[in-house]
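Fit chain V to the known structure of chain G by using the hints.
Chains as they are written, first to last, in this note's numbering: chain G, 4 to 116; chain V, 38 to 150.
By construction, these hints were calculated from the structure, which means they are not laboratory data. Some hints could be false.
Simulated restraints, written as ranges between beta carbons of each label pair [to be verified]:
hint, chain 1, residue 1, chain 2, residue 2, range
1, G, 71, V, 54, 46 to 56 angstroms
2, V, 94, G, 17, 39 to 49 angstroms
3, V, 107, G, 41, 24 to 34 angstroms
Non-contacting residues of chain V with respect to chain G, defined by C-beta distances greater than 10 angstroms in every case (computed) [as the list claims (entries may be wrong)]:
hint, residue
4, 51
5, 56
6, 63
7, 102
8, 106
9, 107
10, 149
11, 150
Below, computed lysine to any residue pairings styled on SDA-like, alpha-carbon distance capped at 20 angstroms [what the hints assert, rightly or not]:
hint, chain 1, residue 1, chain 2, residue 2
12, V, 79, G, 10
13, V, 42, V, 64
14, V, 137, G, 69
Keep in mind that this is a model prediction, so the values were computed, not measured. Using N, Cα and C, we set each Cβ at its ideal position, and we do this for glycine too.
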Amino acid sequence: DTGVSQDPRHKITKRGQNVTFRCDPISEHNRLYWYRQTLGQGPEFLTYFQNEAQLEKSRLLSDRFSAERPKGSFSTLEIQRTEQGDSAMYLCASSLDLNSPLHFGNGTRLTVT
Amino acid sequence: QQQVKQSPQSLIVQKGGIPIINCAYENTAFDYFPWYQQFPGKGPALLIAIRPDVSEKKEGRFTISFNKSAKQFSLHIMDSQPGDSATYFCAASYGGATNKLIFGTGTLLAVQP
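Okay, chain G solo, but in the shape it has when bound (with noise of 0.2 angstroms):
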């Protein structure tokens, strides 16, 4: 498969722990972002990286939230002192460039309680 890879699928975790989530864009793929989606809505936009280089944060990405893309590759998005309305859908989806389509990956699901 050489889609767009999300690990792990789902993440279960104790308020105030911190939780990382890993994403694999389709190769070549210079352009990585990530969204998350709760429950009955659709993607909203967090953050997104040309090639090692972040170049937006939504304001939707307090402090406690970090993404790293080190080397260009694969990224990494971390959640600091997790919190009950920090449970959503992360999705993570890649592009070749500015204009070609995003293509999702199956999202890692967060459950904080």
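Below, chain V without anything else, positioned relative to chain G:
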């Protein structure tokens, strides 16, 4: 002004029917309008997209109708099948880019056999 309003929230049709899902926007700077299909437990997958220089685009059984003056666009699914049962999201972005998509709230479609 950044919102994309989608209706209906849910839709039930018989096999062979033509479900129509509508979206409206306010920001006249939007210039890329995709539709995504999402099955439970999966990420959104691009179905079809349109830019405002055309009023209609067809790909297989899926058609987008675009009304620039009314700032509305819709998805029509011809000869709908039970396998089309999914959640459909409209989205929009500007600057010619396909990355920072603003999604509608989704329409849950059920196609009955």
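Against the structure, the hints come out as follows:
1. Between residue 71/G and residue 54/V the beta carbons are some 47 angstroms apart, a value that agrees with the proposed interval 46 to 56 angstroms.
2. In this structure, residue 94/V and residue 17/G meet the distance hint of 39 to 49 angstroms, their C-beta atoms being roughly 48 angstroms apart.
3. One distance hint, 24 to 34 angstroms for the beta-carbon pair residue 107/V and residue 41/G, holds here, with the actual separation near 29 angstroms.
4. Residue 51/V, annotated as away from the interface, keeps every beta carbon of chain G farther than 10 angstroms; the closest lies near 25 angstroms.
5. Its beta-carbon lying about 18 angstroms from the closest one in chain G, residue 56/V satisfies the requirement of being farther than 10 angstroms from that chain.
6. A cut-off of 10 angstroms between C-beta atoms confirms that residue 63/V is not in contact with chain G; the least separation is 16 angstroms.
7. Distance check on residue 102/V: its Cβ is at least 20 angstroms (rounded) from any Cβ of chain G, clearing the 10 angstroms threshold; non-interface status holds.
8. The beta carbon of residue 106/V is kept farther than 10 angstroms from every beta carbon of chain G, the shortest such distance being approximately 25 angstroms.
9. Under the 10 angstroms C-beta cut-off, the non-interface status given to residue 107/V relative to chain G holds; the minimum distance is some 21 angstroms.
10. Distance check on residue 149/V: its Cβ is at least 22 angstroms (rounded) from any Cβ of chain G, clearing the 10 angstroms threshold; non-interface status holds.
11. The non-interface label for residue 150/V is consistent with chain G: the shortest C-beta to C-beta separation is roughly 26 angstroms, beyond 10 angstroms.
12. Restraint check for residue 79/V and residue 10/G: the C-alpha separation of about 13 angstroms stays at or below 20 angstroms, so the hint holds.
13. With a C-alpha separation of about 12 angstroms, the suggested pairing of residue 42/V with residue 64/V holds against the 20 angstroms cut-off.
14. The suggested pairing of residue 137/V with residue 69/G holds, with an alpha-carbon distance near 18 angstroms, which does not exceed 20 angstroms.
This entry satisfies every hint, going by the numbered hints stated previously.
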